[in-house]
Amino acid sequence: MFLFKKATSKDKRIYLTFDDGPNPDATPGILDVLDVFEIKAAFFLIGKNIKRYPEVVKDIHARGHLIGNHSHTHPMLFPFFSPELQIKQTQEVDDTLENLGIQQSRYFRPPNAICTQHTRGVFKQYNIVGVNHWICDNLIFSSRLIVSTLLKSIRFRGGGIIVLHDGAHSLISRTRKIIATALNELIPRLLSQGYQFHRLDKATSSNVIIKESA
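Per the working numbering, numbering of the sequence shown is gapless, rising by one per residue and ending at 429.
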């Protein structure tokens, strides 16, 4: 099941989330933009990338953003793995974060936000996070197109959880630098329209998809 839900058009709360990092070519620029606007976001990190770029992870944490678990290698067939393999994929992320002195994440977004009932049963200890606005930005190479597509989605669907990509699965892509450029335009436009940005763990709306831990 793809964890996507249409929010109501009256909801003015926005929760920025970023998948597939950390990426030393893109994540620091995103962090700088968020600092300018005093916005806290959630970064769903891949374990392999955490091991490659621990200093970027520490920077995310130090700036007060939420760190989420996005599996160790981002396997496309993750929802159909055995419980043992699913747990291994997420436990490696938690262990790597713990080695960096960062508390184990309680938030988990499955690769591609696909979650079966089987996966829900395995990860009762996590808050499983979906998305309200998914525009496949990882396949868009124009910051202007990212902004216009997101604004259109929000205009019709309202606020909620936005997912953007500062990484590209377990690979690193310099092209993701355009996300910071897009945010520099997107954020002030949404603020001018009365939208408010909150960190994901402050979500209280039934519009957003968060399956709370047991």
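Just so you know, the hints here were simulated from the structure itself, not pulled from any lab data.
Some hints here could point you the wrong way.
[Claimed, not checked] Below, a list of computed lysine-lysine pairs in the PhoX-like style, where the Cα atoms sit at most 25 Å apart:
1. LYS263 <-> LYS339
2. LYS255 <-> LYS417
3. LYS367 <-> LYS227
4. LYS367 <-> LYS266
5. LYS339 <-> LYS227
6. LYS273 <-> LYS367
7. LYS255 <-> LYS273
8. LYS392 <-> LYS273
9. LYS339 <-> LYS392
10. LYS273 <-> LYS225
11. LYS303 <-> LYS263
We went through each hint and held it up to the structure:
1. LYS263 <-> LYS339: This hinted pair holds, its Cα atoms lying about 24 Å apart.
2. LYS255 <-> LYS417: This hinted pair holds, its Cα atoms lying about 10 Å apart.
3. LYS367 <-> LYS227: OK: LYS367 and LYS227 at ~14 Å, within 25 Å.
4. LYS367 <-> LYS266: Given that 25 Å is the threshold and the Cα spacing comes to 37 Å, the pair is violated.
5. LYS339 <-> LYS227: Violated: LYS339 and LYS227 sit about 29 Å apart, past 25 Å.
6. LYS273 <-> LYS367: Since the Cα atoms of LYS273 and LYS367 sit roughly 34 Å apart, the hinted pair is violated (cutoff 25 Å).
7. LYS255 <-> LYS273: holds (15 Å)
8. LYS392 <-> LYS273: holds (19 Å)
9. LYS339 <-> LYS392: violated (35 Å)
10. LYS273 <-> LYS225: violated (36 Å)
11. LYS303 <-> LYS263: holds (13 Å)
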